[in-house]
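A.B. asks: The lines below spell out each chain.
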Amino acid sequence: MDRRSVLALGAGVAAAPLLTACAGASTTGGGGEGTVTLLSNQFSPVEERQRFEAILKARVTAVPVAFNQVETGIFASTLQSQVDSGKPQISLAGAQHGDLAPHASRLIDLDDVLGRLGDRGFAPELVELAKLGGATTKYIPWMQASYVLAVNKRALEWLPSGADVQKLTYDQLLDWATAGRQGNGGKPIFGLPAGAKGLYHRFLQGYLVPSFSGGQITTYRSADAVAGWQYLKELWAQTAPASTGWDNMQEPLQRGEVLVGFDHSARLVGAPAAKPDDWLMVPAPAGPKGLGYMAVVVGLGIPNGAPEADRAKDVIESLTTPEVQLDVLRQNAFFPVTSAPVPADLPPAVALAEAAISAQRDAPNAILSLPPVGLGARDGEVAQVFKDTFKEILIDGRDVKAVVDAQGARLDGIVAEAKVPCWAPDPARAECRVA
Amino acid sequence: MTRRRVLVQLGCVLVTLFMGLPLYLIALASFTSRDALNAFPLPLLPTAVSGDTMNTFLRTTGIVGGMLNSLTVGLSTVALATLLGVPGGYALARFAFRGRDAYQVVMLLTRALPIVVLSVPLAKIFIDAGLYDTTYAVTLLHTALALPSTILITAAVFAGVSVEQEEAAMVFGAHRWAAFLRIVAPQALPGIAAAAVFTFVTSWNEVLGASILTLNRRTLPAHVLATLADSPLAFRFVGGLVLVLPAIVFIALVRRYLLNMWGTTLR
Chain A
1 MDRRSVLALG AGVAAAPLLT ACAGASTTGG GGEGTVTLLS NQFSPVEERQ
51 RFEAILKARV TAVPVAFNQV ETGIFASTLQ SQVDSGKPQI SLAGAQHGDL
101 APHASRLIDL DDVLGRLGDR GFAPELVELA KLGGATTKYI PWMQASYVLA
151 VNKRALEWLP SGADVQKLTY DQLLDWATAG RQGNGGKPIF GLPAGAKGLY
201 HRFLQGYLVP SFSGGQITTY RSADAVAGWQ YLKELWAQTA PASTGWDNMQ
251 EPLQRGEVLV GFDHSARLVG APAAKPDDWL MVPAPAGPKG LGYMAVVVGL
301 GIPNGAPEAD RAKDVIESLT TPEVQLDVLR QNAFFPVTSA PVPADLPPAV
351 ALAEAAISAQ RDAPNAILSL PPVGLGARDG EVAQVFKDTF KEILIDGRDV
401 KAVVDAQGAR LDGIVAEAKV PCWAPDPARA ECRVA
Chain B
1 MTRRRVLVQL GCVLVTLFMG LPLYLIALAS FTSRDALNAF PLPLLPTAVS
51 GDTMNTFLRT TGIVGGMLNS LTVGLSTVAL ATLLGVPGGY ALARFAFRGR
101 DAYQVVMLLT RALPIVVLSV PLAKIFIDAG LYDTTYAVTL LHTALALPST
151 ILITAAVFAG VSVEQEEAAM VFGAHRWAAF LRIVAPQALP GIAAAAVFTF
201 VTSWNEVLGA SILTLNRRTL PAHVLATLAD SPLAFRFVGG LVLVLPAIVF
251 IALVRRYLLN MWGTTLR
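Residue numbers (full-length UniProt numbering), protein chains in the order written: chain A, 1 to 435; chain B, 1 to 267.
To be clear, the hints were calculated from the coordinates, so they are not data collected in a lab.
It is possible that some hints are incorrect.
Below are the DSS-like pairs computed for lysine-lysine, each with C-alpha atoms no more than 30 angstroms apart in a straight line [claimed, not checked]:
1. A:K197 - B:K124
2. A:K167 - A:K153
3. A:K87 - A:K167
4. A:K387 - A:K419
5. B:K124 - A:K131
6. B:K124 - A:K87
7. A:K131 - A:K167
8. A:K187 - A:K387
9. A:K289 - A:K391
Reference excerpt, derived from the structure (chain B facing chain A, CB under 7 angstroms, subset only) [what the hints assert, rightly or not]:
10. G65
11. L109
12. T110
Please read all numbers here as calculations on a predicted model, not as lab measurements.
All residues carry an ideal CB built from backbone N, CA and C; glycine is no exception.
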């Protein structure tokens with residue numbers, strides 16, 4: 001080591017701070033004057049994000065929008081720290097109902113915007129949901145989605161006789177998964193997104209429990225719900241064990257690891273994308289009480305003290321126009337929240353999902369479930385109760401009745417403390433409790 | 001060649017494979033067409049070469065900006081941590097002071113609290129200070145995270161440089177500074193370089209703090225990591241390669257200074 005190299009290293013080290021002469025390069029195209037920063041936990045996959053950015057660029061021309069995609073945890077802490085510091089840089093927050101709910105007090109009232117958008121035709125139940133349990137509108141519905149089954153047509157050969165794949169019951173699904181496994185050389189054909197980031201708790205909250213017990217919270221400890229979990233235990237025995245590693249179903253379906261999978265529509269459309277003719281998308285099965293299904297609502301809210309609140313309202317207006325709603329449907333498979341008519345020329349995979357979701361919603365025995373309403377910060381805890389019940393019964397193999405009783409008590413503690421009225425499908429009583 | 005040398009060579013090859021094979025597989029998958037990635041078993045040689053996924057990924061908004069920010073933050077962190085940490089390490093190695101052992105342990109406390117616990121207050125402090133959403137903020141945080149390791153590594157290195165040589169230099173008329181720069185620093189340089197590599201990699205890989213302290217000027221990992229986790233497999237390989245390459249380049253550049261570490265001479 002001679003002196004020169006010491007000097008060279010020293011010079012290099014000294015030069016580094018010069019690099020910081022600017023505070024950093026923009027990674028969202030935002031930060032400039034008049035730009036609306038849209039913080040969102042939606043459209044996380046690379047291509048979805050790119051497609052949405054293209055839609056923003058093409059359709060929201062009046063106001064520059066910086067789309068800032070973050071994961072849910074960062075979304076929550078950023079929104080909290082920004083608003084609580086009194087100097088937020090975010091003008092618009094777009095997230096699922098349940099992710100916005102804990103921040104109701106940090107969002108401004110949007111009744112005026114909703115009034116201006118009278119011609120959009122928002123579904124009344126969504127408008128009600130957007131109040132986040134209060135009296136005023138806290139977010140404007142942005143898009144919605146649901147969960148359905150994707151079916152590779154190869155699996156149809158094992159469909160039990162007499163079963164209509166468009167109108168399955170849970171018992172038929174079990175018979176089908178069992179027969180399919182036998183016919184497939186012992187390899188399971190059914191999969192669930194039960195990975196760490198999978199959305200299987202929505203299957204439990206919105207599908208299994210309501211279909212068997214008719215409720216989501218009040219009936220948690222009922223004998224009907226126990227029967228549902230007992231059923232799931234049998235189904236789980238025929239389910240691909242690799243399910244516990246899957247965060248979305250479209251990839252294992254595409255790879256052919258399983259042939260039938262349940263997931264969020266946006267996490268399924270990739271499976272039939274390449275060969276739509278080989279695939280079906282069908283409504284979820286029906287149980288003894290009906291066809292329980294869950295509607296996912298994504299909304300746009302404006303944080304207190306947003307630097308560009310007026311422009312953000314313009315952006316909301318643009319994002320709810322029929323053109324943008326249908327662009328998002330075509331490209332990212334999230335469905336309109338407005339009365340925008342669904343066009344006939346959808347991409348085949350999206351059309352499959354659309355048909356399944358409509359059929360599910362319009363089924364005569366449909367039971368609409370919502371993600372927890374008005375629970376604020378405790379929203380995630382409810383999901384955790386369902387996940388823990390799943391784990392203790394299916395993975396740890398504990399006694400169903402005992403687990404449901406214990407977890408039901410925990411759930412009751414959460415909702416009792418929150419003191420909120422029940423949400424669909426439970427009856428809206430004065431206070432929601434687990435019976 | 002003796003048997004011993006063959007064994008050493010074999011060990012080297014194995015270690016190289018252990019480090020190199022995953023890199024090769026990631027690179028291979030990054031430049032394979034997405035359809036071919038669904039095949040089973042995957043070929044181990046490039047058979048379906050395609051730059052599509054890489055191209056799509058690199059055209060994502062903010063990749064270039066994010067990489068610039070990451071480099072800025074990484075290099076500034078190295079500079080700042082070296083500037084503050086090397087004197088700290090020197091003091092720990094050379095001077096006996098009351099509570100030195102306790103001090104060494106307490107230093108590690110910055111790593112004891114998970115950032116997720118500190119996130120909201122930390123962000124509020126930086127917002128109030130007007131530093132939020134700048135590379136300065138992330139640099140400061142990363143320096144705080146890297147300092148304990150810089151101090152402890154350099155302290156170990158300085159302890160390995162003999163005090164007698166330093167004293168001899170001073171006897172012959174060198175000032176304390178000159179003695180440090182001409183006698184101690186050259187001998188300690190490999191250790192300092194090692195600390196710098198460690199610091200750079202720490203900063204390069206840190207996601208949570210960077211995500212919390214920035215909004216429109218994110219570092220590369222903060223910008224893409226969440227995205228990648230939810231993206232199809234093909235993008236995860238591409239992202240992994242893009243994230244790992246700069247760190248490897250940095251280590252390759254610093255490698256020549258890395259002749260010894262922990263004060264043990266290998267020359």
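A.B. asks: Compare the structure with each hint and give your call.
C.D. replies: So, going through the hints one by one against the coordinates:
Our distance criterion of 30 angstroms between C-alpha atoms is met by K197 of chain A and K124 of chain B, whose separation comes to about 29 angstroms. Taking the CA atoms of K167 of chain A and K153 of chain A, the gap is about 16 angstroms. The hint holds against a cut of 30 angstroms. This hinted pair does not check out: K87 of chain A and K167 of chain A have alpha carbons roughly 53 angstroms apart, beyond 30 angstroms. Our distance criterion of 30 angstroms between C-alpha atoms is met by K387 of chain A and K419 of chain A, whose separation comes to about 22 angstroms.
Annotation: proposed proximity of K124 of chain B to K131 of chain A holds, straight-line Cα distance about 28 angstroms (limit 30 angstroms). Annotation: proposed proximity of K124 of chain B to K87 of chain A holds, straight-line Cα distance about 9 angstroms (limit 30 angstroms). With a CA separation close to 34 angstroms, the supplied pair K131 of chain A and K167 of chain A exceeds the 30 angstroms bound. A distance of roughly 25 angstroms separates the Cα atoms of K187 of chain A and K387 of chain A; the hinted pair therefore holds under the 30 angstroms criterion.
Between K289 of chain A and K391 of chain A the alpha-carbon distance is near 24 angstroms, which keeps this suggested pair within the 30 angstroms criterion. Proximity of G65 of chain B to chain A holds as hinted, the smallest CB-CB distance being about 4 angstroms (cut-off 7 angstroms). About 22 angstroms separates the beta-carbon of L109 of chain B from the nearest beta-carbon of chain A, more than 7 angstroms, and the hint is not met. For T110 of chain B, the suggested interface contact is broken, since its CB lies about 20 angstroms from the closest CB of chain A, more than 7 angstroms.
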